[in-house]
Every structure is written in structure tokens, then in C-alpha cells.
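Here the protein sequences line up with chains W and Z, keeping their order.
Residue 442 in the numbering used here is what sits at position 441 of the first sequence, and the numbering runs on without skipping anything.
Residue 634 in the numbering used here is what sits at position 93 of the second sequence, and the numbering runs on without skipping anything.
Keep in mind the hints are simulated off the structure, nothing from the lab.
Idealized CB from N, CA, C, for every residue including glycine.
Any given hint could be a false lead.
Cβ-Cβ distance ranges computed for the label pairs, FRET-style [claimed, not checked]:
1) Z:G772 - W:P413: 15 to 25 Å
2) Z:K548 - W:S112: 55 to 65 Å
3) Z:M562 - W:I331: 23 to 33 Å
4) Z:V683 - W:F189: 46 to 56 Å
5) W:T116 - Z:V683: 18 to 28 Å
Some chain Z residues flagged as far from chain W (calculated, every beta-carbon gap over 12 Å) [claimed, not checked]:
6) M553
7) R660
8) D665
9) H676
10) R722
11) G749
12) E779
13) P788
14) D801
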Amino acid sequence: MLKYLFAKNEDIPPGTTAIFFGFSSIIWFVIGTGIGSFNAAKLAFPDFVTGYEYFAFGKMRQVHVLAVILGWISMAFAMAMTYITPALGNTRLWSEKLGVWNVLIWNVGLSLALTLLWMGISSGREYSDIIWPIDLAIIFGVLFPLGANVWMTIVTRRTQGIYTTNWFFGTGIFMVIIVFLVGNSPEFFNLTGLSEAYMTWWFAHNVLGLWITPVAAAIAYYTVPKVTGNPLYSHRIGHLHFWSVVIFYSTPAAHHLMSAPLPEWLKSFASVEGVLILVPAIAFVSNLLLTMTGKWHMFVENVEIKFTITGVLLAIPLNMQGGFQQTRAINWYIHGTGWIVAHAHLALLGFSTFLEGAAVYYGIQTLLRRKLYSLTLANFHFWFLLIGFCTYWISMTIAGLIQGAGKIYEVPYIDVVIAEHPYMIARWVGGTMVFTGNVVWLYNMWMTARVGTEIPVGRLPHELAYER
Amino acid sequence: MAFREYKIGARMFGAALGGSMMITLYFPTSDIVLVGSTEWGLQKALSYGRIGGFSYEDPLMRGEGKPVTVTLDKDPATNQPIDPIHAYVYPPGVPFPSAINHPRTAGKVVAELSTTKGRINEADHQKGAVFVVAHAEAGGEVTAYIENASVTRNWNPQQVLDAAGDENSAYVGSGKIMFVREGCWWCHTLLPEQTQDWQVFGVPPRLGDFNSESPTAFGSDRKAPDLLHVGSRNSSKEWMMMHFFNPRLVQPHSIMPRFDYLWGKNDANGKPIDFDQWRAEYTKYAAGERVYPPEVPDYAPKSDIRYLMDFVLSLK
């Protein structure tokens with residue numbers, strides 16, 4: 002990598018940036034889920050590794066969350082953007098050199114940010130826990146360069162229109178920059194009180210709604226037509242999806258604070274807008290499932306489609322929960338319980354991870370021009386992710402319902418803790434399966450890069466048969 | 542980018558996102574800034590200091606640069622007995638909360654009273670100051686406001702600290718830093734909900750309870766009891782001490798981590814604490830090989846755990 006930092010832009014092979022981003026994202030996924038599994042063990046067995054300040058639950062919880070969001074998910078996005086955008090524009094990435102620096106700064110910066118968080122140096126604001134000097138570094142040193150590369154690649158494309166995926170990429174990176182700037186303003190300007198509390202959740206909501214959800218969906222808009230060979234079912238529905246994300250997904254932030262003393266009009270408004278999130282969700286899911294027409298055998302036979310369609314299918318329960326759990330009628334029961342933790346993992350580990358996983362599988366094969374090393378290991382990865390995730394999701398949902406019942410029947414809290422214990426163990430088992438699956442994935446991708454069968458010129462990776 | 546559609550699209554996008562920002566940022570915040578601070582809001586603002594998370598006065602989050610909350614029953618300037626009162630001592634150099642720096646964050650009425658009657662605009666953080674919460678009638682209602690006691694009563698920070706003594710001083714602001722740093726809010730919330738659980742955890746907060754506080758650290762994922770009013774449920778220092786050192790001393794089923802490392806190296810008498818021995822003895826106790834658990838050491842007067850206890854016990 003070092004040799005490319007100071008090379009001339011033209012001398013850097015196309016795809017270098019994306020390959021580095023891809024492998025970085027897998028490594029961060031291994032790290033993030035490893036810490037997650039460790040944390041889960043501590044919730045099941047509080048005296049597991051005790052007596053070390055730096056292995057305390059409160060010091061590691063946020064490291065897990067931000068390692069998977071900024072390391073795994075966002076870097077996988079960067080990987081997807083830096084190879085899909087040029088592919089769709091029939092051109093190369095605007096600047097590979099900027100891209101290589103982008104990878105380096107991102108990895109170094111994220112390691113630093115997470116080390117500080119691990120020491121407890123935090124702003125105390127959930128999801129925007131990273132302290133403001135590093136937030137500024139993320140905005141201007143990480144997100145903006147990525148944005149510049151994506152926007153300029155779209156501008157210098159050699160095709161006529163702009164495909165759906167690229168609308169989402171271009172606007173997603175733009176919106177996340179705005180969200181970081183605005184959402185961290187309480188730290189920049191020491192805003193206090195309810196404004197601070199509201200902005201914390203404004204940030205958390207919009208990072209998911211204007212970055213993770215649309216960009217993950219954009220990846221699926223590329224993978225499914227590309228691998229199946231079917232054209233996208235409807236560009237109009239794609240438009241509906243895009244515009245309803247911008248309008249409906251950007252407004253319900255206050256529904257995260259339904260039981261806090263925010264102005265009532267704001268909560269009601271957010272709640273109605275929150276139900277309208279179903280518009281982009283249904284548009285997205287139906288559009289992709291209809292694109293699969295006639296190619297459903299690939300759901301079983303092809304790794305990338307298997308991952309993508311699983312993610313798309315998981316978007317159904319995700320949005321059904323998301324649309325309705327925030328209404329007053331339901332929220333009072335499950336607010337602040339494990340149900341929400343389960344839902345958050347459904348969004349990030351269920352829905353979005355499966356879509357990005359497909360992009361990284363497909364991208365690395367395409368860019369390295371090597372066929373996936375082993376189908377068996379990929380299937381192992383898939384099932385460990387899926388079963389591990391489902392174990393986690395179901396056990397946390399049950400734990401959440403127990404907590405909700407404990408809350409309304411005024412059960413002494415410790416009895417709730419005791420009742421949750423078996424589900425905490427299940428959660429840890431699920432999380433550990435995900436982690437194990439990821440270690441195998443890293444090995445599989447590494448071997449693909451080293452010894453995967455070379456793909457002949459003019460062929461695409463999914464056209465070749467798997468060998469192992 | 543030659544298509545006309547893209548120009549139209551870009552403008553539509555600007556309008557959509559701008560409209561959304563208008564509704565979700567401008568309207569709510571202009572509504573929230575109208576809220577006047579309650580008495581509790583002022584007490585919290587004054588006892589926490591400028592910021593409860595990372596800040597340039599306390600970059601490593603050791604609880605530095607924070608005010609001290611003291612309880613007085615004598616006027617430190619005249620030595621006359623007074624009704625017990627909380628005073629918030631800002632030694633020289635400790636930055637003020639935004640309720641002092643930008644009085645309007647406490648709401649219009651409170652800001653006016655605090656500047657005219659309370660004379661907070663005469664406070665200077667380089668010289669230090671002492672604040673108290675006072676009451677006055679405004680518009681037919683009794684309203685709490687901030688009084689700059691260093692001007693109105695001639696109290697100076699060091700004098701007040703000496704008059705109160707260590708037992709009447711609470712490091713609440715530094716304790717909030719510990720609360721944030723140690724991640725207590727990943728398990729505990731500071732927000733009894735408006736729907737049901739106030740019957741157990743106490744009144745949910747009101748709109749004006751947070752002015753000038755940052756971060757509010759509501760917490761979202763509750764794996765443990767709400768703490769907003771924990772000091773009224775349980776104010777036993779003894780219990781808290783054992784519970785923080787090892788929660789399973791008092792609650793065998795607890796999943797709360799041990800916070801024994803917050804005791805630091807030495808105990809109250811300056812003697813080194815032998816954690817390894819303690820843990821070994823506790824393991825025996827937990828296995829039923831000892832009748833009594835080992836003693837929890839007393840903490841030093843300026844230790845992380847002291848700060849944290851002061852904060853937790855201030856949550857009434």
C-alpha cells in the first residue's frame with residue numbers, strides 16, 4: 002500500500018482503493034464483532050475477565066458499536082462506492098491516489114478514535130460519542146475526500162444517465178456530511194439541555210436513515226441486476242424510493258425520545274413521519290424482489306444473490322418493526338428495552354450487513370479478477386451469520402418483552418435481570434457465531450486473493466463455476 | 542451532467558432536505574429555547590459545571606475543572622447561622638456553565654432575574670465565584686434564579702470551601718464526568734418514562750429540567766434501574782460503597798461490573814489497596830469457603846469513587 006501513496010495517480014492500478022477498503026472493512030468486522038461477543042459474555046457472566054479497567058463493560062460497549070458502524074459498514078460502503086461508481090460510469094475512479102490516502106487516514110483515524118473511546122474519553126452522547134476534534138477530522142479527512150471521489154467520478158462518467166445506485170451514493174455521502182456537521186454542533190458550540198438531547202438522536206436517526214439504509218439499498222440496486230442479468234424492475238419505483246427517503250426518513254428523529262419531555266407536537270409529527278418510512282421500504286423491497294423474476298434459483302446457487310436477497314427479505318421485518326414500534330401505542334411498552342437492541346441489530350447486522358457482504362464478495366472477485374476461493378466456506382459464513390444473527394435477534398426480542406412486562410407490572414428490577422439471564426447467554430452464543438463466521442470469511446477472502454482461480458478476460462466472476 | 546432533469550432534481554433535493562431541516566431543526570430548537578429553567582435545572586447546571594463529557598479543561602476526563610457543591614449552615618463571610626443552603630463553588634479558573642455565560646439559555650425570566658437581582662454578569666471565572674439558587678416573584682409566580690454570592694454576599698471561593706469542610710463538600714460535577722467516562726449510562730438511564738415506570742423510578746423530568754446541561758446522558762438501552770432519583774430511594778453510603786466495589790456483595794444476581802479500580806492505589810489512610818488479595822478472598826467467599834466477604838476499603842477523599850458517589854447521591 003505504501004508504495005501507492007506517493008505514486009502518480011495514473012500508475013496506480015484501477016480498483017486499488019476499493020480492494021484496500023474491502024479488506025479493511027472485513028478486518029474491522031472481525032474486530033467489531035469480536036468485541037461485541039466479548040461484551041455479550043460480560044452481560045451474561047459479569048465476572049468474566051474482571052479487575053481490568055480496560056475490559057470493563059462500560060468502556061468497551063461503544064467501541065463495538067462504532068467499530069462496526071464506522072469500520073465495517075462505512076468502509077464496506079466506501080469499497081462499494083469506489084468500484085461501483087466507476088463501473089456504472091464506464092470510467093475509472095476520479096483519483097485512486099486520493100482514495101489510497103482516504104483508506105490510510107480512515108484506518109489510522111478510526112483506530113485513534115476507538116482507542117480514546119476505549120479509555121472513556123467520550124462526549125457522552127450515544128452514537129456521536131466520538132469527541133469533537135475527531136469528528137471534525139472524520140468530516141474533513143475521511144468523508145469529504147470520499148465524497149469528492151464519488152461526485153467527481155459521477156461528473157466525469159462516460160455514460161449518459163445516472164443509474165439509481167449512483168443517485169444514492171452521491172446524495173448519501175453528501176447527507177452524511179451534513180448530518181455529522183449538524184449532529185455534532187452541540188459539541189462544537191456547547192449547546193445544552195433538551196436541544197443537546199434532541200440533536201443526539203437527530204444524529205443517530207439520520208446516520209441510519211440518510212447514510213446506512215439508502216447506501217445499503219443502493220448496493221442491492223447494483224448487485225441484483227448485475228449478477229442475475231435481469232434489468233431493474235422499475236426505475237419509477239426507484240425514484241419513489243429515493244425521494245421518499247429524502248423526505249420521510251429525514252424527519253422522524255424525535256421518535257427516539259418518545260418518553261422524554263420534548264414538545265408534544267414534535268413527538269406526534271415524528272411518529273407520523275416514522276410510519277411513512279414504510280413508503281421507501283416497500284418501494285425498495287418490491288422493486289428488488291420483482292427484479293429477481295425468473296432467476297430465483299440463484300438465491301440458492303449464487304453467494305452474492307443469497308446474501309443480497311436475505312438482506313432484502315430482512316428489510317421486511319425491519320421496517321414493519323421500525324414503522325410501528327415508535328408509535329405511542331407500542332412505544333411505551335418496548336421503549337428502552339432489549340427489543341430496541343434487537344431491532345438495531347436487525348438493521349445493521351441483518352438487513353445492511355448482508356447487502357454489504359455481497360458487495361465485498363463480488364467486488365473483491367471482480368477487482369482482483371479471481372474466483373472466490375471456496376463456496377463451502379462462503380456458505381459456512383452465510384449460515385453462521387444468519388443463524389447467529391437470528392439467535393441474537395430472537396433472544397433479545399424476548400428479553401425486551403420481558404423487560405417491558407417488568408416495567409408495566411412494576412416487578413422489582415433484579416427479578417427482571419434474573420429472568421433475562423438465559424437470553425443473555427443466547428445472545429452471547431449468537432454473537433460468537435457471527436464472529437466465528439467472520440474469521441472464516443477473512444480467511445476465504447485472503448485465500449481468494451492469493452490462490453483463487455484467475456478469471457479470464459471478458460468474463461464476470463459469477464459466470465464461472467465454484468471449484469471448492 | 543447535461544440533462545435538464547438533473548438541474549431540476551438537484552433543486553428539488555435542496556428544497557426537500559432544506560424543508561426537512563427547517564421542520565426538524567429550526568422549529569424544535571426555537572421552541573425549546575423558550576423554556577425557562579426549573580429550580581432543579583439550575584441546581585444541576587450549577588453543580589455540573591460547563592460540560593459533562595470531553596472538554597478542553599478536562600481532556601483526559603479526570604474530573605478536573607469542575608465546581609464543588611457545598612452545604613452551608615453558617616454564612617462564611619459573617620459567621621452568622623443561616624438556613625442550610627447549597628452553594629456552588631467555582632475556584633479561580635473553573636469555567637462557568639452556559640447558564641452563567643449565556644444567561645438566556647436558562648429562559649427569559651430566569652435570565653432577567655439572574656442578571657438584575659443575581660448580578661451573575663459580574664462574575665469572572667478567572668477570579669472564581671460562588672453561586673446559590675435564590676427565589677423571587679416575577680409575573681405572579683415564584684421563580685428560581687441564580688445569585689452570584691461572591692458579589693451579593695461577599696463570599697469568596699476558598700472561604701466557602703474552608704467553612705464547609707470536606708464532609709459538607711460534594712464533587713458532583715467531577716462525578717458526572719466519572720458517570721460518563723465509566724459508561725454507567727450504557728446500562729442505567731436518567732429518564733423515568735412518562736408512561737408507566739415513574740411509579741417505581743420517580744417523576745419523569747420536565748421540559749425545564751435540563752437547560753444548560755450537556756450531555757444529558759439520558760441513556761437508551763436500559764439494562765438496570767433508572768437512576769434519576771436513586772438518591773431518594775437509597776442514600777446509604779455504606780451500601781453504595783459495597784455495591785460499587787463488587788455489586789455481588791449486596792446483590793448476588795446483579796450483572797453490574799465491579800468498579801473497584803475507581804478506588805485508585807491507596808485507601809483513605811494512604812495505605813496501598815491489595816486488590817489481588819481482595820479478589821482471591823472474595824472468590825473463596827463466593828465459593829462458600831469463607832463465612833464473611835473481605836472488608837471493602839474506605840476510599841481516599843479525592844478519588845474517582847468519591848466523585849462518583851457524590852454524583853450518584855446527588856440524584857434526588
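Using the C-beta atoms of M562 (chain Z) and I331 (chain W), is the stated range 23 to 33 Å upheld?
holds (28 Å)
| Given as non-interface: R660 (chain Z), which should sit over 12 Å from chain W by C-beta | Per Cβ check, R660 (chain Z) is outside 12 Å of chain W; nearest 22 Å; holds.
Exercise for review: Quick one: work out the minimum CB distance from G749 (chain Z) to chain W and report holds if it exceeds 12 Å, violated otherwise.
Suggested key: violated (9 Å)
12 Å cut-off, C-beta based - H676 (chain Z) kept clear of every residue in chain W: holds (21 Å)
Checklist entry - Looking at D665 (chain Z) again, its CB stays over 12 Å from all of chain W? => result It holds; D665 (chain Z) is separated from chain W by about 19 Å at its closest Cβ, greater than 12 Å.
task: Could you let me know if the closest chain W CB is still more than 12 Å away from the CB of E779 (chain Z)?
output: holds (19 Å)
Worksheet item: Does the claim that P788 (chain Z) lies outside the interface with chain W hold up, using a Cβ gap greater than 12 Å?
Response: Nearest chain W Cβ is 8 Å from P788 (chain Z), so the label is violated.
Regarding the assertion that D801 (chain Z) does not contact chain W, is the least Cβ-Cβ distance greater than 12 Å? violated (7 Å)
- Non-interface claim for R722 (chain Z): all C-beta distances to chain W beyond 12 Å? The assertion about R722 (chain Z) is violated, with a minimum of 4 Å to chain W.
Notebook entry, point to check: Is 15 to 25 Å a correct range for the gap between the Cβ atoms of G772 (chain Z) and P413 (chain W)?
Noted result: holds (19 Å)
Verify the CB-CB distance for K548 (chain Z) and S112 (chain W) against the hinted window 55 to 65 Å. Violated, since K548 (chain Z) and S112 (chain W) (Cβ atoms, about 42 Å apart) do not stay within the stated range.
Q.
Tell me if the beta carbons of V683 (chain Z) and F189 (chain W) are separated by a distance inside 46 to 56 Å.
A. With a Cβ separation near 37 Å, V683 (chain Z) and F189 (chain W) fall outside 46 to 56 Å, so the hint is violated.
The structure shown violates the earlier hints numbered 2, 4, 5, 6, 10, 11, 13 and 14.
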